[in-house]
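Novice: Spelled out from the first residue to the last, the chains are:
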Amino acid sequence: MQDMINGAGETLDAAVPSQTDPTEDSFREESIDLDAEAFVSPQDDSSHFESLIDKLNDQMMESVMISDSPNSEEEDNEEEKIVQVDDKRETVAPDDPKPEAPKTQDTALEMDTDTPPKDEAVPVCTIFSQGVQPKAQALIPDGFQPTLVKSPSFTIGNTETPNKLVPQVCQPSPSLSKFFTDSSTVNPASDFFDSFTTSTSFISISNPNAASPKTAAPPESPLLSAPTAAGTYFTPVATKPQVSPVEPMSQLQAVFPSGDDPFGSALITSELDKRYDAWLPSDDTRKVLISVATQQISPVQIDREQLAMPGLKFDNLQGDAVKDLMQRFLGDQAAMKRQVLSASSVEQNFLGLKRLISTKNWRAAVDLTGRLLTAHGQGYGKSGQPTNHTTDSLQLWFVRLSLLVKLNLFQNAELEFEPFGNLDHPNLYYEYYPTVYPGRRGSMVPFSMRVLHAELPQYLQKHQETLDRLHRIKSVCQKILSNLQEGLAEDGSMMNLTQDNRLASIQLWRSRLSRVMYSMANCLLMMKDYVLAVETYHSIIEYEPEQSVQLLSGMGRIFLQIGDIRTAEKYFQDVEKACQSKGETPNEDTSVLMNRAFVYLSQNNYADAHTCFSSVLKLDPKNPVASNNAAVCLLYLGRLKESLGQLESLVHKDPALYLHESVLFNLTTMYELESSRSTQKKQALLEATACREGDSFNVQCLKLV
Amino acid sequence: MQVKGQSSAADKMEVNQAKQEHLLALKVMRLTKPTLFTNMPVTCEDRDLPGDLFVRLMKDDPSTVKGAETLILGEMLTLPQNFGNIFLGETFSSYISVHNDSNQVVKDILVKADLQTSSQRLNLSASNSAVSELKPECCIDDVIHHEVKEIGTHILVCAVSYTTQTGEKLYFRKFFKFQVLKPLDVKTKFYNAETDEVFLEAQIQNITTSPMFMEKVSLEPSMMYNVTELNSVSSSSESESTFGRMSYLQPLDTRQYLYCLKPKPEFAEKAVVIKGVTVIGKLDIVWKTNLGERGRLQTSQLQRMAPGYGDVRLSLELIPDTVSLEEPFDITCKITNCSERTMDLVLEMCNTRSVHWCGVSGRQLGKLTPNASLSIPLKLLSSVQGLQSISGLRLTDTFLKRTYEYDDIAQVCVVCPYTSPES
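Quick mapping for you: the protein sequence lines, in order, are chains A and B. In this text, residue positions in the first sequence follow UniProt numbering: the first is 1, and each later residue adds one. In this text, residue positions in the second sequence follow UniProt numbering: the first is 1, and each later residue adds one.
Do not rely on the hints blindly, as some may be mistaken.
Here are the simulated lysine-lysine pairs, DSSO-like style, with alpha carbons at most 30 Å apart [claimed, not checked]:
{"hint": "1", "chain 1": "B", "residue 1": "Lys59", "chain 2": "A", "residue 2": "Lys618"}
{"hint": "2", "chain 1": "B", "residue 1": "Lys135", "chain 2": "A", "residue 2": "Lys360"}
{"hint": "3", "chain 1": "A", "residue 1": "Lys528", "chain 2": "A", "residue 2": "Lys274"}
{"hint": "4", "chain 1": "B", "residue 1": "Lys334", "chain 2": "A", "residue 2": "Lys682"}
{"hint": "5", "chain 1": "B", "residue 1": "Lys182", "chain 2": "A", "residue 2": "Lys681"}
{"hint": "6", "chain 1": "B", "residue 1": "Lys135", "chain 2": "A", "residue 2": "Lys681"}
{"hint": "7", "chain 1": "B", "residue 1": "Lys169", "chain 2": "B", "residue 2": "Lys187"}
{"hint": "8", "chain 1": "B", "residue 1": "Lys187", "chain 2": "A", "residue 2": "Lys577"}
{"hint": "9", "chain 1": "B", "residue 1": "Lys334", "chain 2": "A", "residue 2": "Lys360"}
{"hint": "10", "chain 1": "B", "residue 1": "Lys59", "chain 2": "A", "residue 2": "Lys406"}
{"hint": "11", "chain 1": "B", "residue 1": "Lys182", "chain 2": "A", "residue 2": "Lys528"}
{"hint": "12", "chain 1": "B", "residue 1": "Lys135", "chain 2": "A", "residue 2": "Lys528"}
{"hint": "13", "chain 1": "A", "residue 1": "Lys474", "chain 2": "B", "residue 2": "Lys189"}
{"hint": "14", "chain 1": "B", "residue 1": "Lys187", "chain 2": "A", "residue 2": "Lys528"}
{"hint": "15", "chain 1": "A", "residue 1": "Lys641", "chain 2": "B", "residue 2": "Lys216"}
{"hint": "16", "chain 1": "B", "residue 1": "Lys66", "chain 2": "A", "residue 2": "Lys622"}
{"hint": "17", "chain 1": "A", "residue 1": "Lys570", "chain 2": "B", "residue 2": "Lys59"}
{"hint": "18", "chain 1": "B", "residue 1": "Lys112", "chain 2": "A", "residue 2": "Lys570"}
{"hint": "19", "chain 1": "A", "residue 1": "Lys570", "chain 2": "A", "residue 2": "Lys641"}
{"hint": "20", "chain 1": "B", "residue 1": "Lys262", "chain 2": "A", "residue 2": "Lys528"}
{"hint": "21", "chain 1": "B", "residue 1": "Lys187", "chain 2": "A", "residue 2": "Lys703"}
{"hint": "22", "chain 1": "B", "residue 1": "Lys334", "chain 2": "B", "residue 2": "Lys189"}
{"hint": "23", "chain 1": "A", "residue 1": "Lys323", "chain 2": "A", "residue 2": "Lys274"}
{"hint": "24", "chain 1": "A", "residue 1": "Lys323", "chain 2": "B", "residue 2": "Lys59"}
{"hint": "25", "chain 1": "A", "residue 1": "Lys582", "chain 2": "B", "residue 2": "Lys66"}
{"hint": "26", "chain 1": "A", "residue 1": "Lys681", "chain 2": "B", "residue 2": "Lys187"}
What the hints contain is simulated information worked out from the structure, not anything from laboratory work.
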């Protein structure tokens, strides 16, 4: 038998008496199915409804759209109507029957919206944008949709001839080539220091020794016998005859503060290196490293399969979406005014790279890392070819991959991460290069790169992979911590550490452990495994007690997101207690108020929520979150103009704080709700963005296209 | 762009006089709850190449949580990005904005918002009075709310009428169509206990695409019953839900709720003779999703087919749960005449493989009037260990020469007292 579920409060019809045998075990369906009769409207316009089948199909499609150009309009005077995905056939004008739209339109609709509703969490419809936007992956539940920007060569794939790269490859400045030689310089003068120092190159740069003339490694170096040994120092293509090492070095020296006491700083660096580079290789890798160290085996003899041989997978990203949009909407002249740094307009070294990053020109920065890596012999198409790693090359990879992730170019990052495998290849450890890094031990791969490597799959919907990798990192961190607590060195060897060093090391590894826990909790949250996520955030408090207020508030917000307001309030009470025990400070006061506002919001009490956000602003007038949220509340209170006015003035008064994609998104949404002239206002925003933001700005939040 | 669009619309007006550019623009936006912005932390350590750059970028980002930048769930609210799904029992809220796009004052503006469902048409506007005038660049705002009570196609019909400066009366309408989907799947199953208790098991499945917090799932019993919810384990201080601390349902998750219904004392006697369909009650379900978006549904009256007792009902009033092997034990049977006529009953007791009845079989029980009942103590023993079913009772109505068989009336656990080392 079937029982109908009705909306609460509705009067209930007498249901059909049950004829079910009482002993019958099977569950009876309480169906909420569409009743064919329910579709026959009591009014005489029932004829406008299509057959039941059509109705059901229609329901499956979920092509519901509320838009500023709705499905149907009696006065059909909009040009843009062509782009609409609408189904006029379905629109019922009860007292004014509309002629049916041409059938062709129907088929177009089916094609667009035929996606089965069940396999995609995101609804097909959008509020304002016309048509169905491709929602390939919702990478972050509430984030904006990233677009994958591929360079032409990237799409062509590996068939691309390396020749094409030559012009670009030739560009690296002499200083760069010089740069890479530094860490690998082995000359009698520095031998003494190297046995202690083995410093990273940024430090060695500041070291007068580092300026020693670069030469090819001594012929007896095992590295040289590798097929591309020369590439360790100079990529064949990158080598330019006119390289003059002296001049750029002096530049660099001018930039880096020179160490005043090379010997003393060398000792400190060596301790630091040990602490930061410590890692526990897998058993297989450890065996290889031991045999290299004991000279039982020369690195050349090691099976290639066991080595990490990365190379660029696409040559450059270039492009500046802001400029493209300006060209499209404001004309070439306006676009000309847009000036951003490009990879070529900065120094071709780490300094230039940092400049690009800090000015938010991450695309250009990715390009520059590409050039620097090409100069190192790990350029486009070099993947799978034997190569030597240095501290710097791995740092470059780390920066490049981080920026790709920041730019939401996850697939590109994944491709380039792939040759690194599990980041456990023998040639990613210092022990593999006894001549270049004599006495130095540990991992060349920065810890942050391991975290990044672990986090990446979750952005590609492979959450489980992320968790697996994070757990692996976590267990190494725990092992290292227990080694340290047992009085051993990080890697478990019997080595005497001074108490200071031991404490510093424990502190470092605890903070790393907490970083991994954060990643785990974040990943679990993205997976919507709220139970484990909250548990994990809880355990972070132990490591980061000073973040307890933020963490407890965050957990409260998780409960609000689920809809469990009572539990959220419990967490917010804990926040208040934590604040009281610390003695109220303004900042903590704001988090209490902020939490209260979120509770009001969840109770549909937008007026009180608005009051709370406003009182946060009284305490902290420059709080961008509170001002944005207060404006959002105003909209829900039906005060569109006020809300819009406030946000707009904030963006223009303090662009540094408010030119953020979330704020701009809210602003453009309100523009669209306000009038038909939203495009002009959005263009004004585009101009404001153009003078401030770099090439990594996510233009989608302007909703111009 | 927009200017161009308008001028071309004006061109069109010349060509086709019937088409008219309106001075007012109507915009509609569904107000689902805002969402919290999540950011994507990418960090590095001081010694890495970017130094403190990444940290600084994250600290400068207004959407991060200050002091805990690695926490992805921020505090920044973002407006709904799409229409989303709407489910039966939820509240449909929408912003309706009528904006004067022209450069002239418009008079007597009336905005009307109706919701057309397959069965009815509802007026949702807060006020039905006309606004006397609207200056350029000004707008009329309205936020409408409606608790959705029907499934299927809904059409929001917005009608705007106004008078221009030249006194021309104009009117336009816009339609916004959306589908209301079913949020839950509810399946029920009844168990009739040997006593008059009825157990209801309800399986509730979340068939939406987002997690659902079940705020309340309760059974509102019909007047005949008292209900006990069996969904929490109460310890000394507080009761804990059987579903754990976090009471939310992931998409497609199903949860089973259990209720025990007992007839109220005043109905208890009647309950014995109840036949056919009885109304048990209805389930009241309240759930919440993102930032407190609320939904509520009630099932229709759940009905149960009372077990058919036939003309004579035999139930047990007393039976031990555990008995010793080969030792007689007592049970008390209650025999009720559920028919409309008087019966004259004879009780026979047939031994089974394990159950052996003591006493005389075929004894007269005497006359039993309709609805009357009598209790009979019986003695029996079991010759087999384990869980044994009590079977083999036969009642014969001598008036109609009709025999009623009662097997598997109850179970007892038969244990051997000698093997236990303690005893």
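Novice: Hint by hint, note whether the structure agrees.
Specialist: Status of the hints after comparison with the structure:
1. B:Lys59 to A:Lys618: Holds, at about 22 Å.
2. B:Lys135 to A:Lys360: violated, 43 Å
3. A:Lys528 to A:Lys274: violated, 38 Å
4. B:Lys334 to A:Lys682: Judged against 30 Å, a Cα distance of about 83 Å means the pair is violated.
5. B:Lys182 to A:Lys681: At roughly 39 Å apart (the allowed maximum being 30 Å), Lys681 of chain A and Lys182 of chain B break the hint.
6. B:Lys135 to A:Lys681: With Cα atoms ~20 Å apart, Lys135 of chain B and Lys681 of chain A stay inside 30 Å; holds.
7. B:Lys169 to B:Lys187: violated, 55 Å
8. B:Lys187 to A:Lys577: violated, 44 Å
9. B:Lys334 to A:Lys360: violated, 86 Å
10. B:Lys59 to A:Lys406: The hint holds at about 15 Å.
11. B:Lys182 to A:Lys528: Since the Cα atoms of Lys182 of chain B and Lys528 of chain A sit roughly 22 Å apart, the hinted pair holds (cutoff 30 Å).
12. B:Lys135 to A:Lys528: violated, 48 Å
13. A:Lys474 to B:Lys189: Violated. Lys474 of chain A to Lys189 of chain B sits at ~47 Å, over the 30 Å cutoff.
14. B:Lys187 to A:Lys528: At roughly 26 Å apart (the allowed maximum being 30 Å), Lys528 of chain A and Lys187 of chain B satisfy the hint.
15. A:Lys641 to B:Lys216: violated, 38 Å
16. B:Lys66 to A:Lys622: Holds - the C-alpha atoms of Lys622 of chain A and Lys66 of chain B are around 13 Å apart, at most 30 Å.
17. A:Lys570 to B:Lys59: holds, 28 Å
18. B:Lys112 to A:Lys570: violated, 43 Å
19. A:Lys570 to A:Lys641: violated, 36 Å
20. B:Lys262 to A:Lys528: Outside the cut-off at roughly 40 Å; violated.
21. B:Lys187 to A:Lys703: violated, 44 Å
22. B:Lys334 to B:Lys189: holds, 27 Å
23. A:Lys323 to A:Lys274: It is violated: about 46 Å lies between the C-alpha atoms, which goes past 30 Å.
24. A:Lys323 to B:Lys59: holds, 27 Å
25. A:Lys582 to B:Lys66: holds, 17 Å
26. A:Lys681 to B:Lys187: This hinted pair is violated, its Cα atoms lying about 52 Å apart.
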